[in-house]
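K.L.:
For reference, the chains in residue letters:
There are 2 protein chains.
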Amino acid sequence: MSMQQKEIFLKHLNEMNHYKQALELMTWDRHTSIPNDGLQDRLEIVGFFTEKLHQLQTSDKMVNCFEQFLSSGDSILQQAAQVCKTTYEQKTNIPKEEYKAYAMLCSESEAVWHQAKQEDNFKLFEPFLEKIVSYKQRFADYVGYESHIYDALLQEHEPGLEVKEIDEVFADLRPMLIDLLQRIKNSEAVVDANLLRVPFAIEKQKSMSLALLERIGYKLNKGRMDTSAHPYTFGINPNDVRISTYYDENDFTRSVFSAMHEGGHGLYEQNFGTDIQHTLLAEASSMGIHESQSLLWESFISKNKLFWESNRDVLKAYAPQEIQKLDLETFYRSLHQVSPSPIRLEADEVSYPLHIMIRYELEKDLISGKIKVSSLPEAWREKSAAYLGVTPSNDTEGVLQDIHWSSGDFGYFPSYALGYIYAAQLYESIDGALNMEQIYRDQNLHLVKEWLKEHIYQYGKRKTPLQLLKDTTGKGLQTDAYKTFLQDKYKGIYHL
Amino acid sequence: MSMQQKEIFLKHLNEMNHYKQALELMTWDRHTSIPNDGLQDRLEIVGFFTEKLHQLQTSDKMVNCFEQFLSSGDSILQQAAQVCKTTYEQKTNIPKEEYKAYAMLCSESEAVWHQAKQEDNFKLFEPFLEKIVSYKQRFADYVGYESHIYDALLQEHEPGLEVKEIDEVFADLRPMLIDLLQRIKNSEAVVDANLLRVPFAIEKQKSMSLALLERIGYKLNKGRMDTSAHPYTFGINPNDVRISTYYDENDFTRSVFSAMHEGGHGLYEQNFGTDIQHTLLAEASSMGIHESQSLLWESFISKNKLFWESNRDVLKAYAPQEIQKLDLETFYRSLHQVSPSPIRLEADEVSYPLHIMIRYELEKDLISGKIKVSSLPEAWREKSAAYLGVTPSNDTEGVLQDIHWSSGDFGYFPSYALGYIYAAQLYESIDGALNMEQIYRDQNLHLVKEWLKEHIYQYGKRKTPLQLLKDTTGKGLQTDAYKTFLQDKYKGIYHL
Chain P
1 MSMQQKEIFL KHLNEMNHYK QALELMTWDR HTSIPNDGLQ DRLEIVGFFT EKLHQLQTSD
61 KMVNCFEQFL SSGDSILQQA AQVCKTTYEQ KTNIPKEEYK AYAMLCSESE AVWHQAKQED
121 NFKLFEPFLE KIVSYKQRFA DYVGYESHIY DALLQEHEPG LEVKEIDEVF ADLRPMLIDL
181 LQRIKNSEAV VDANLLRVPF AIEKQKSMSL ALLERIGYKL NKGRMDTSAH PYTFGINPND
241 VRISTYYDEN DFTRSVFSAM HEGGHGLYEQ NFGTDIQHTL LAEASSMGIH ESQSLLWESF
301 ISKNKLFWES NRDVLKAYAP QEIQKLDLET FYRSLHQVSP SPIRLEADEV SYPLHIMIRY
361 ELEKDLISGK IKVSSLPEAW REKSAAYLGV TPSNDTEGVL QDIHWSSGDF GYFPSYALGY
421 IYAAQLYESI DGALNMEQIY RDQNLHLVKE WLKEHIYQYG KRKTPLQLLK DTTGKGLQTD
481 AYKTFLQDKY KGIYHL
Chain E
1001 MSMQQKEIFL KHLNEMNHYK QALELMTWDR HTSIPNDGLQ DRLEIVGFFT EKLHQLQTSD
1061 KMVNCFEQFL SSGDSILQQA AQVCKTTYEQ KTNIPKEEYK AYAMLCSESE AVWHQAKQED
1121 NFKLFEPFLE KIVSYKQRFA DYVGYESHIY DALLQEHEPG LEVKEIDEVF ADLRPMLIDL
1181 LQRIKNSEAV VDANLLRVPF AIEKQKSMSL ALLERIGYKL NKGRMDTSAH PYTFGINPND
1241 VRISTYYDEN DFTRSVFSAM HEGGHGLYEQ NFGTDIQHTL LAEASSMGIH ESQSLLWESF
1301 ISKNKLFWES NRDVLKAYAP QEIQKLDLET FYRSLHQVSP SPIRLEADEV SYPLHIMIRY
1361 ELEKDLISGK IKVSSLPEAW REKSAAYLGV TPSNDTEGVL QDIHWSSGDF GYFPSYALGY
1421 IYAAQLYESI DGALNMEQIY RDQNLHLVKE WLKEHIYQYG KRKTPLQLLK DTTGKGLQTD
1481 AYKTFLQDKY KGIYHL
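Line by line, the protein sequences give chains P and E.
Counting along the first sequence from 1, when you hit position 26 you're at 26 in my numbering, and nothing is skipped either side.
With the second sequence counted from 1, adding 1000 to any position gets you my numbering.
Treat the hints with caution; some may be incorrect.
Below, computed lysine-lysine pairings styled on BS3-like, alpha-carbon distance capped at 25 Å [to be verified]: (1) E/Lys1096 with E/Lys1325; (2) P/Lys204 with E/Lys1204; (3) E/Lys1305 with E/Lys1491; (4) P/Lys6 with E/Lys1489; (5) E/Lys1096 with P/Lys11.
For each label pair, taking beta carbons as the anchor points, the in silico distance ranges come out as [unchecked claim]: (6) E/Asp1141 with P/Met104: 47 to 57 Å; (7) E/Asp1060 with P/Glu44: 21 to 31 Å; (8) P/Pro159 with E/Arg1030: 15 to 25 Å; (9) P/His230 with E/Lys1061: 54 to 64 Å; (10) P/Glu44 with E/Gly1073: 46 to 56 Å.
Partial list, derived from the structure: chain P residues whose beta carbon lies under 7 Å from chain E [stated by the list, open to error]: (11) Asn36; (12) Ile45; (13) Asn221; (14) Asn237; (15) Asp240; (16) Lys491; (17) Gly492.
In case anyone wonders, no lab produced these hints; they're calculated from the structure.
Predicted, not measured: the structure shown is a model, and the values here were computed from it.
We put the beta carbon where it would ideally sit given N, CA and C, even for glycine.
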């Protein structure tokens, strides 16, 4: 490739990058800062820039660029070309007019879902969901797949993974989770989350989260923490990665563990390699890998007993007396009360993956035509009873609980569960490579960050999820580490 | 004009508008939110979007559009075409390469100015300023002018006003201001700003400002108030107009009157007519008119004694005891201590216009070649002594105090003084049209906002400054109202 061709390609990549950064800043602003009446104009401008980006992603110039660099020998440019090609195909394999009609349907459908949920009236939402499912089926056909139609939808979020692998790991996990849940239910151990639900000034919760974020290596010169209705990470570029959390004055665990969770996402985004900045490779390998990074810091590290032993000084500096007077063991156990709820967003660590399975199985069967939309509410209740041991009292608490299907989001829920599995495998490797006890004791968690930077963060999209796993753990997707983690942890907490 | 041509033009206007909104959001973000290390990437993206906007502003399509609509009969489109034409000429009359060289010089020069100011070393800055002045002279020649070379630079900020008019009003004001300052100096009246300089919690200052902003009609559903190093108004669009202020815990007057000042700018931007939204006409008529709107609310209304009588409840709700115990007269007088300083940014209401005159006269003479850059420091000291009665003790306090010349900003300082004159004329008209005493008493200041909306705000760029004055006051630019305002006010305060 000539220097000139390379420059043209890099310039084109950078141009797309500029639009992406502007759009991400607007997303951050919409979640944290925009005045109410500004929303309508903002939607217009976001639409305009999205269209501009789309033009670049699907331009002849783009095709020309990626075709030239797909086998260029320069590994970064080659991988960037591959990302461009994938994006190009995603954007062009669906006829434009059809996609537009679908997008309009989704925006109408979201409003209908809101109403249906409010009125507990699934029938209202049913015809919309039917249409969405049929669009998704056609889109999957346009994209193409080899063994299962749902694979086509999975690729956008978890490239390289297919239904048969996910079915396999979920089939392996499901009985173990159901059994663990049952044993916890039967346990007479007292684990009381209410001990932590005491008034805790929001400003102090904020300072506490910031202090802990600093300990894990999240940099405030390259980021900030705001408040928004839902916790979120906004990666504008690696030097500007903003996270948000939310506050409940009577439950500091919400804000602090949200901050740790988003901090985990934030660490990933702050530490993409400098060699891939300004290309489209400075993005997470997949949604599941992104989630593994947040869960690693939230569930595996900041909910570890040693973490709180090591950060007792932070608790001392900010927490109210009622919390400070709890001994470490009680504090730790209180963080881990398990009580299955029909609502995914209220789920504990043990029930959560089961919620994901319910949704995954149903949406897979919807897309493959195995079940009909009309039988969803009943199927949801059955699975909820079978997996969680709770039956939603109505559809608002059941099949209507989440917005995702109404906006056409199919195929990414499995990533949430995959995130736990990846995280467990990675934590096992970290534990083997580093002396974690020592690291907690010496407040050296930034060493974990450095390890992750070396093995995960720096590569961005240069490695697929399975490549990352193989290169860091020597294994493929395996549930062992995750099962051991959950069983050991809750065995201790619930005296099983 | 065919419907199709109209649509093309409106689409083109809207497209420019989208880039402007994105850039304004990035400016707001840079002043209030961006993490430190994010600045460099941000500059790149701002440069990219500025270039995109520039391409639209100077495209053949643009020329084609405005030429078709300059005499279209549809007054809004005709005026939008005129704005496009003016922008086109501003952007194209200077050869691109020359402008680029000049922009690079300015960015280098700003850094040198910082160093020169820090080291009190004008000689360091001198060669840069010489080059900038010579660029500005050439640019003025490219733009063209009739009577005075400085007129060419004035047009960008104060369209329709020329040196001869400004010289005339300044010549009229100068002796009156110098005389007033002298009489205040000789007065034995006690006016002590220190009475207001007591600890005042920043959160309470903020609440107080927000309460007062609400009273003047600034809408928080279309805006927000943030903190930034310098107070600022960010008009993204009329439904999203953000202001910022700054806080001094020991001097609430800084934050509150900054908020009122920016609130005045904000009211203007929130109330452009809906018929000009999405065109380029939804901008201030001129910089001086924009400033008149902030000064009207800051200096004429929120520093009025009746304003504080009427808003005593706000003071009661937020101010510390030391301030609440002051009687209204003392409180009001303390807001108006006059003590000339060599520094413009510390100036009181009476000295401020004299600072503007010093700079205006010097920059006018620089551009016309009447004085040389090398003689600036001496000329500055002389004028400062003659007008303000204070001599800066060094160049850091004198000619080097402001950044503006180092960034090539010539021709807009007069707008600050014109803002006062416009504001005085407008306040006189309002006082004639509305019963101001009653309005203060009934907390009905939103009626003033409505009057301004009807006579000023809604028109945006559809009327020039002189047109606005003529249509609302029946007069041209006149100093009478301003002189009367200052003389009457300070006669009372200083017992002259």
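K.L.:
Are the hints correct? Go through all of them and say.
P.N.:
Verification of the supplied hints:
Between E/Lys1096 and E/Lys1325 the alpha-carbon distance is near 62 Å, which puts this suggested pair outside the 25 Å criterion. Of the pairs offered as hints, the one joining P/Lys204 and E/Lys1204 holds, with about 19 Å between alpha carbons and a cut-off of 25 Å not exceeded. Between E/Lys1305 and E/Lys1491, the direct Cα distance comes to roughly 14 Å. Compliance with the 25 Å bound is thereby established for this hinted pair. Taken as a hint, the P/Lys6 and E/Lys1489 pair is broken in the structure, with Cα atoms around 68 Å apart against an allowance of 25 Å.
Between E/Lys1096 and P/Lys11 the CA atoms are separated by roughly 21 Å; this keeps the pair inside 25 Å, and the hint holds. Separated by about 55 Å at the C-beta atoms, E/Asp1141 and P/Met104 satisfy the suggested range of 47 to 57 Å. At roughly 26 Å, the beta carbons of E/Asp1060 and P/Glu44 sit within the given window of 21 to 31 Å. Look at P/Pro159 against E/Arg1030: about 36 Å separates their beta carbons, and that is not inside 15 to 25 Å.
About 42 Å separates the C-beta atoms of P/His230 and E/Lys1061, a value inconsistent with the hinted range of 54 to 64 Å. Between P/Glu44 and E/Gly1073 the CB atoms are about 28 Å apart, so this pair departs from the stated range of 46 to 56 Å. With a cut of 7 Å, the hint placing P/Asn36 at the interface with chain E holds, because the nearest CB-to-CB distance is about 5 Å. A hinted interface residue such as P/Ile45 counts as satisfied when its beta carbon comes closer than 7 Å to some beta carbon of chain E; here the least separation is about 5 Å, so the hint holds.
For the restraint placing P/Asn221 at the interface with chain E, the shortest Cβ-Cβ distance is roughly 5 Å, inside the 7 Å limit, so the hint holds. Restraint check, P/Asn237 versus chain E: the minimum CB separation of about 5 Å is within 7 Å; hint holds. Given hint, P/Asp240 at the interface with chain E, holds; its Cβ is 3 Å from that chain's nearest Cβ, closer than 7 Å. Here the hint on P/Lys491 is broken, as its CB sits about 43 Å from the closest CB of chain E, past 7 Å.
At a threshold of 7 Å, the smallest CB-CB gap from P/Gly492 to chain E is about 40 Å, leaving the interface hint violated.
Checked against the numbered hints given earlier, the structure breaks hints 1, 4, 8, 9, 10, 16, 17 and satisfies all the rest.
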